[in-house]
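Visitor: Sequence:
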Amino acid sequence: MVFHFDPRTILYFLLISQIVLLLDSSIFIEIITVIIFIMPFFISKQLKWGFIIVIVYSLQLFTAFTILPNIDNTMLLYPLSMVANGFRELIPGIIIGIYALRLTHSAEWISLFKKWRFPKFFIVPFSVIFRFFPTIREDYHQIRKAMAFRGIERGPIAFIKQPIQTFEFILIPLLMNASQVAQDLTISALTKGLSIPGKQTSIINLRMTKVDLIYMVIAFIPIVIDIGGLL
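FYI, UniProt numbering numbers position 58 of the sequence shown as 58, with every residue one higher than the one before it.
Mimicking BS3-like on lysine-lysine, the simulated pairs with C-alpha atoms at most 30 Å apart in a straight line are: (1) LYS161 - LYS145; (2) LYS210 - LYS114; (3) LYS48 - LYS210; (4) LYS145 - LYS48; (5) LYS45 - LYS145; (6) LYS45 - LYS210; (7) LYS115 - LYS45; (8) LYS210 - LYS115.
No wet-lab data here; the hints were simulated from the structure.
With the hints as extra help, turn the sequences into a complete structure.
Guide: So, in structure tokens, the structure goes:
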């Protein structure tokens with residue numbers, strides 16, 4: 001079984017990432033924070049996403065400290081600066097968001113929200129939205145498989161060569177199916193009794209492990225270093 005953190009731990013990580021952002025910490029604190037947040041992908045055996053984030057962040061650092069100082073063209077400087085500096089500061093929060101989507105199930109979040117007595121008007125839409133995008137992504141893959149089966153060209157090159165055909169074969173079916181998917185997911189959420197008033201139980205047993213607690217302490221280290229002025 002692949003290990004993943006408790007939803008409460010993930011929310012704690014998200015809070016830490018925003019505190020680091022608000023403190024406007026040094027680049028060293030930022031790098032330490034990113035390394036700490038990337039490690040859970042490798043702990044959870046999500047090596048693909050771990051390496052993708054490492055490569056993207058490394059390219060951002062390389063661009064920010066090697067390429068940008070040597071650029072004089074304003075038209076090129078601003079967009080590169082936005083990607084290499086502005087977007088880079090959001091990376092810790094994005095990492096936690098990716099981890100939450102990849103390795104936590106909606107049932108865990110719903111169980112947590114019930115435990116914390118969140119209102120029903122929040123839980124039901126959350127349940128629908130959390131399942132909506134993975135379902136649409138699956139529909140997209142099915143459409144691409146159907147196009148491949150019929151010998152229809154697909155991909156970025158096909159979009160450039162035949163944008164109207166790509167729009168017709170991919171986007172139109174997705175848009176037509178999106179409303180039906182949202183309706184089905186809403187019915188599914190209501191069928192599970194999420195809107196029923198009163199106390200509700202859940203088969204999901206949320207429990208924080210020693211790994212959760214240890215990693216929560218580790219994640220707090222960058223803030224201690226920053227406030228203490230150690231770096």
